[in-house]
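First residue of the sequence shown: 1, per full-length UniProt numbering; consecutive thereafter.
Be careful, since some hints might not be right.
With a cut-off of at most 27 Å between alpha-carbon atoms, the simulated DSS-like pairs for lysine-lysine come out as follows [to be verified]: (1) Lys220 with Lys154; (2) Lys135 with Lys439; (3) Lys536 with Lys124; (4) Lys144 with Lys237; (5) Lys92 with Lys351; (6) Lys303 with Lys437; (7) Lys172 with Lys237; (8) Lys536 with Lys240; (9) Lys298 with Lys142; (10) Lys220 with Lys45; (11) Lys154 with Lys142; (12) Lys142 with Lys5; (13) Lys437 with Lys351; (14) Lys124 with Lys135; (15) Lys298 with Lys321; (16) Lys220 with Lys5; (17) Lys172 with Lys64; (18) Lys45 with Lys144; (19) Lys303 with Lys240; (20) Lys351 with Lys321; (21) Lys554 with Lys321; (22) Lys220 with Lys172; (23) Lys536 with Lys135; (24) Lys437 with Lys135; (25) Lys439 with Lys303; (26) Lys154 with Lys92; (27) Lys471 with Lys127; (28) Lys286 with Lys439; (29) Lys240 with Lys220; (30) Lys92 with Lys118; (31) Lys289 with Lys154; (32) Lys351 with Lys5; (33) Lys144 with Lys118; (34) Lys172 with Lys321; (35) Lys551 with Lys536; (36) Lys172 with Lys240; (37) Lys536 with Lys321; (38) Lys237 with Lys471; (39) Lys240 with Lys471.
These are computed hints drawn from the structure, not numbers from a lab.
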Amino acid sequence: MEQLKSRNEVEENYTWNLTDLFESDESFEQAVEEIRPEIGNFSGKYAGNLTDASVAVEAIEDFKGLMESLVPIGAYANLRLSSDQGDASAQKLSGLASNIGTYFSSETSFLTSELLQKDESFLKDIKSQAPGFEKFVDELLKNKPYHLDAKVEKALASYSTVFEGPYSLYLKTKLLDIDFGTFTANGQEIPLSYLAFEGELESHEDTEVRRNAFRAFSDKLADYQHTTAATYDLQLKQEKTTADLRGFDSVIDYLLHRQDVDQTLYNRQIDMIMSDLAPHMRRYAKLLKRVHGLDEMKYEDLKISLDPSSEPEISVEESRKYINDALGIMGEDYINMVNRAYDERWIDFVKNKGKSTGAFCSSPYGSHPFILISWTSLMTEVFVLAHELGHAGHFYNANREQNVFDARSSMYFIEAPSTMNEMLMANHLLENSDDPKFKRWVISSIISRTYYHNCVTHLLEAAYQREVYKKVDNHESVSAPELNRLKRQVIEEFWGDDVTITEGAELTWMRQPHYYMGLYPYTYSAGLTIATAMSKRVLNEGQPAVDDWLKVLKSGGTKSPVELAQMAGVDVTTDQPLRDTIDYIGELVDQLEALTEEIEG
1 MEQLKSRNEV EENYTWNLTD LFESDESFEQ AVEEIRPEIG NFSGKYAGNL TDASVAVEAI
61 EDFKGLMESL VPIGAYANLR LSSDQGDASA QKLSGLASNI GTYFSSETSF LTSELLQKDE
121 SFLKDIKSQA PGFEKFVDEL LKNKPYHLDA KVEKALASYS TVFEGPYSLY LKTKLLDIDF
181 GTFTANGQEI PLSYLAFEGE LESHEDTEVR RNAFRAFSDK LADYQHTTAA TYDLQLKQEK
241 TTADLRGFDS VIDYLLHRQD VDQTLYNRQI DMIMSDLAPH MRRYAKLLKR VHGLDEMKYE
301 DLKISLDPSS EPEISVEESR KYINDALGIM GEDYINMVNR AYDERWIDFV KNKGKSTGAF
361 CSSPYGSHPF ILISWTSLMT EVFVLAHELG HAGHFYNANR EQNVFDARSS MYFIEAPSTM
421 NEMLMANHLL ENSDDPKFKR WVISSIISRT YYHNCVTHLL EAAYQREVYK KVDNHESVSA
481 PELNRLKRQV IEEFWGDDVT ITEGAELTWM RQPHYYMGLY PYTYSAGLTI ATAMSKRVLN
541 EGQPAVDDWL KVLKSGGTKS PVELAQMAGV DVTTDQPLRD TIDYIGELVD QLEALTEEIE
601 G
């Protein structure tokens with residue numbers, strides 16, 4: 001296992017090309033300098049001068065233009081930093097982007113405040129004069145009960161960089177300060193890092209390597225648990241203070257308000273998966289234990305493949321054919337986007353020191369998507385890439401069809417297009433193989449990657465997060481011991497006596513950035529619930545279902561998540577789609593047990 005390279009040592013052809021945003025860091029800095037006076041001019045021109053609807057429309061139009069200019073600034077800085085958190089130049093750009101973003105928020109906060117002081121007929125006139133701004137006005141009205149005095153709103157906007165501080169601190173601790181060093185297994189010394197552990201070692205087929213890696217990884221995390229807990233507590237205090245200031249009954253209500261979702265949908269995802277999915281996943285854990293001949297099933301064994309020998313190695317070049325074949329049903333325009341992503345270097349495949357962990361897709365309005373992934377040459381990465389291309393396809397379509405105000409859908413829906421692509425990939429692989437061992441690998445990947453990751457990992461995060469917010473709403477601070485206790489409690493409840501929860505498992509809360517992004521974790525299972533129903537429609541109905549789905553993608557944020565799901569033929573106001581998803585996971589475990597009997601028989 002090789003030591004990670006520095007960013008300047010990796011092969012450029014497998015890194016993303018950010019020149020589509022800015023030709024250079026210098027052109028980025030020039031853009032920041034040029035937009036600052038434009039923001040000041042906007043404030044000088046319109047503050048206190050929204051005398052009639054036509055002036056308001058002009059102001060909103062200019063505000064939209066400023067937003068469109070700021071998007072590439074924020075995206076470029078974020079992507080530069082994500083590729084190497086230790087890059088001093090990238091850190092400088094991130095600071096510049098953050099500062100100009102704060103200045104923009106502060107100087108333009110008057111627009112919302114002044115519009116909300118107008119009567120309803122004034123706002124109706126805006127809608128009639130500029131139909132494209134209907135959603136913008138509706139969003140204002142939705143937030144009106146929670147809007148504060150104009151001076152308070154400006155002050156809060158001026159602190160936005162400070163409010164982003166906890167997440168920034170978390171990333172610095174995680175990616176720069178923690179040095180995992182090496183660990184020993186089978187007489188060999190093996191390098192350890194976040195990327196190495198999450199990309200390969202936590203699912204390593206060799207039990208000694210996997211368990212020793214987990215021990216070393218967890219022990220090092222423990223050294224930083226108090227700093228990380230204090231950072232997280234700052235995030236929670238900021239959210240609680242904001243929720244109280246704005247008059248929400250709870251932090252959860254405040255965070256769900258942004259998603260256009262109520263607590264019924266939120267709680268259902270967590271409660272049903274804790275009660276109804278757990279038995280299926282425990283069966284899967286028992287199957288892993290039996291097939292691998294483990295003495296006991298430990299927490300650190302849950303990510304292993306059912307049959308590692310049946311997982312093909314895939315190069316970046318080879319992945320394109322799998323992606324094109326699986327997603328081909330989405331149509332020529334969609335596949336053209338996929339091929340452009342490869343040809344025009346929208347994707348960052350390399351592994352290097354300081355690179356953000358996991359995978360994500362950034363889709364800046366007015367440009368094209370950018371995808372971060374750390375390629376391991378395992379077939380599993382094809383599922384990850386299909387997932388991120390699902391986000392790309394969503395916003396590639398929405399950004400072309402909608403204005404900057406309307407392009408982004410609710411966070412509740414955001415993971416549906418991504419997990420939908422994982423389902424299409426799995427269906428394609430299953431349809432094109434008669435090899436029971438490969439079919440078993442594919443089905444186990446659907447469970448261990450698609451459903452485990454989205455319905456178990458993230459739902460256990462969500463169940464833990466819900467308990468944390470209960471404490472926050474009770475005005476309690478959280479410390480590392482308390483976070484550890486809550487996390488262990490959730491994990492033990494889900495896995496019962498079928499999995500030994502090793503010391504260190506409770507530190508999993510330290511690994512996820514999602515806690516700094518509001519109520520994000522539960523939305524993975526919400527998205528997968530919609531995607532499961534939609535992928536079945538595509539299998540059964542073909543093109544008509546695909547056409548419906550493309551309409552959903554193009555709608556962006558013009559509809560609520562409930563309405564978007566209804567457009568796809570899925571009613572998430574009932575528990576039926578989630579019950580169907582959980583039943584489907586049970587059927588997959590049944591198939592795995594049957595295939596294992598066939599293979600062993």
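Each hint tested on the structure:
1. The suggested pairing of Lys220 with Lys154 is violated, with an alpha-carbon distance near 42 Å, which exceeds 27 Å.
2. This hinted pair does not check out: Lys135 and Lys439 have alpha carbons roughly 46 Å apart, beyond 27 Å.
3. A C-alpha spacing of about 42 Å is found between Lys536 and Lys124, which places the hinted pair above 27 Å, so the restraint is violated.
4. Only pairs whose Cα atoms come within 27 Å are accepted, and Lys144 paired with Lys237 is accepted, the gap being roughly 23 Å.
5. Restraint check for Lys92 and Lys351: the C-alpha separation of about 23 Å stays at or below 27 Å, so the hint holds.
6. Straight-line distance between C-alpha atoms of Lys303 and Lys437 comes to about 18 Å, which keeps the hinted pair within the 27 Å bound.
7. At roughly 20 Å between alpha-carbon atoms, Lys172 and Lys237 fall within 27 Å of each other, so this suggested pair holds.
8. Distance restraint check for Lys536 and Lys240: the Cα-Cα separation of roughly 41 Å exceeds the 27 Å cut-off, and the hinted pair is therefore not satisfied.
9. Using a Cα cut-off of 27 Å, the hinted pair Lys298 and Lys142 is violated, with the two alpha carbons roughly 47 Å apart.
10. A C-alpha spacing of about 55 Å is found between Lys220 and Lys45, which places the hinted pair above 27 Å, so the restraint is violated.
11. With a CA separation close to 19 Å, the supplied pair Lys154 and Lys142 stays within the 27 Å bound.
12. This hinted pair does not check out: Lys142 and Lys5 have alpha carbons roughly 49 Å apart, beyond 27 Å.
13. The straight-line distance between the Cα atoms of Lys437 and Lys351 is roughly 30 Å, outside the 27 Å bound, and the hint therefore fails.
14. A C-alpha spacing of about 12 Å is found between Lys124 and Lys135, which places the hinted pair at or below 27 Å, so the restraint holds.
15. Of the pairs offered as hints, the one joining Lys298 and Lys321 is violated, with about 37 Å between alpha carbons and a cut-off of 27 Å exceeded.
16. With a CA separation close to 21 Å, the supplied pair Lys220 and Lys5 stays within the 27 Å bound.
17. About 33 Å separates the Cα atoms of Lys172 and Lys64, which puts this hinted pair outside 27 Å; it is violated.
18. A C-alpha spacing of about 24 Å is found between Lys45 and Lys144, which places the hinted pair at or below 27 Å, so the restraint holds.
19. Straight-line distance between C-alpha atoms of Lys303 and Lys240 comes to about 35 Å, which puts the hinted pair past the 27 Å bound.
20. Straight-line distance between C-alpha atoms of Lys351 and Lys321 comes to about 22 Å, which keeps the hinted pair within the 27 Å bound.
21. Among the hinted pairs, Lys554 with Lys321 is consistent with the structure: their alpha-carbon atoms are about 25 Å apart, no more than 27 Å.
22. Of the supplied pair hints, the one linking Lys220 and Lys172 holds, its CA atoms being roughly 15 Å apart against a limit of 27 Å.
23. Of the supplied pair hints, the one linking Lys536 and Lys135 is violated, its CA atoms being roughly 32 Å apart against a limit of 27 Å.
24. Restraint check: the Cα-Cα separation between Lys437 and Lys135 comes to about 51 Å, which exceeds 27 Å; the hinted pair is violated.
25. A hinted pair counts as satisfied when its Cα atoms are at most 27 Å apart, and Lys439 with Lys303 qualifies at roughly 18 Å.
26. Of the pairs offered as hints, the one joining Lys154 and Lys92 holds, with about 25 Å between alpha carbons and a cut-off of 27 Å not exceeded.
27. A hinted pair counts as satisfied when its Cα atoms are at most 27 Å apart, and Lys471 with Lys127 does not qualify at roughly 42 Å.
28. A distance of roughly 19 Å separates the Cα atoms of Lys286 and Lys439; the hinted pair therefore holds under the 27 Å criterion.
29. With a C-alpha separation of about 30 Å, the suggested pair Lys240 and Lys220 falls outside the 27 Å cut-off, and the hint is violated.
30. Proximity of Lys92 to Lys118 is assessed by CA-CA distance (about 41 Å); at most 27 Å being required, the pair is judged violated.
31. Pair hint Lys289 plus Lys154 does not hold up; C-alpha atoms about 57 Å apart against a cutoff of 27 Å.
32. This hinted pair checks out: Lys351 and Lys5 have alpha carbons roughly 7 Å apart, not beyond 27 Å.
33. Simply put, Lys144 and Lys118 have alpha-carbon atoms about 11 Å apart, close enough for the 27 Å limit, and the pair holds.
34. A hinted pair counts as satisfied when its Cα atoms are at most 27 Å apart, and Lys172 with Lys321 does not qualify at roughly 37 Å.
35. Proximity of Lys551 to Lys536 is assessed by CA-CA distance (about 17 Å); at most 27 Å being required, the pair is judged to hold.
36. Taken as a hint, the Lys172 and Lys240 pair is honoured in the structure, with Cα atoms around 24 Å apart against an allowance of 27 Å.
37. Simply put, Lys536 and Lys321 have alpha-carbon atoms about 23 Å apart, close enough for the 27 Å limit, and the pair holds.
38. With a CA separation close to 11 Å, the supplied pair Lys237 and Lys471 stays within the 27 Å bound.
39. Restraint check for Lys240 and Lys471: the C-alpha separation of about 11 Å stays at or below 27 Å, so the hint holds.
Going down the numbered hints, you'll see the structure goes against 1, 2, 3, 8, 9, 10, 12, 13, 15, 17, 19, 23, 24, 27, 29, 30, 31 and 34, while the others check out.
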